[in-house]
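Just need the whole structure built from these sequences, with the hints factored in.
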Amino acid sequence: MSSPAALHIVDSLRLESDDRVIEIGPGRGALTLHLLSRCASLTAVELDHSLADTLIARWGHEPHFKVAQGDFLDWAVPPVEGRSYKVIGNLPYSAAAAIIQKVLSWAGWDRAVFMVQKEVAARITAVPGGKNWGLLALSVQSRAKARRLFDLRPGAFRPVPKVTSTVIELERLVEPSVAHLDAFFKVAHAAFGQRRKTLVNSLSHGLALERTAVEAVLAGLDIDPGRRAETLTLEEFNRLAQRLGGAPLSVLG
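Sequential numbering from 1431 applies to the sequence shown in this note's numbering.
Derived by calculation from the structure, the hints in this document are not laboratory data. Among these hints, one or two may not hold up.
[Said to hold, decoys possible] Result set (BS3-like, lysine-lysine): computed pairs, CA atoms no more than 25 Å apart in a straight line: (1) 1592 with 1561; (2) 1561 with 1627; (3) 1548 with 1532; (4) 1561 with 1548; (5) 1532 with 1496.
What follows is the structure, given as structure tokens:
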């Protein structure tokens, strides 16, 4: 990654000198270089052994720098105590959604800046009614404010990738915007499980409920049963979940 691009990404995190930072997937340290002088502590989580060794050799003498070698998805995040962490990373395209889900489920962060594939960013920051509005957008936006910041063209990297990357910002909501996350995700899964079908059909099938029961709930909430899942707002899903949530579902894929 070019130095100007790396600096632009780090600037987006809006660091203060007493911030604690977790960097996911630092690679050769393009972002690390600019992070070290701006925060009180930096933990870099790197999967690749040789890259982790390179980071240690380069900056291991810095007292506020630590390298955790391993997969972030298996890494034990710090306990929730003291000042919240800021999180940053150039996320691998294949694991970006899973990594973001793990960050969202942890209460120890307050702001994150991630570089992801442009298509993934579109799904995260989607709005109701668009083709990208779906489970990923609902999962993220129920727990964080999501904003697209800027694109990075392939020429900013060596070697040059075949895709365009987008930098996004997430700000953790102290209180989730939905009342019951498990029920919310259960209803969302059912609604989007057959997204080409009408809402009454997808919900009755996905939740194993009588069609008439679903119709009654939708009527009570003033939601047209002929609508499709991608037209519903987060708040409408929240109201549906309060009526149709049923048994808990704790894992969102």
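Each hint tested on the structure:
{"no.": "1", "hint": "1592 with 1561", "in the structure": "23 Å, holds"}
{"no.": "2", "hint": "1561 with 1627", "in the structure": "14 Å, holds"}
{"no.": "3", "hint": "1548 with 1532", "in the structure": "20 Å, holds"}
{"no.": "4", "hint": "1561 with 1548", "in the structure": "15 Å, holds"}
{"no.": "5", "hint": "1532 with 1496", "in the structure": "20 Å, holds"}
Hint violations for this structure: none, all hints satisfied.
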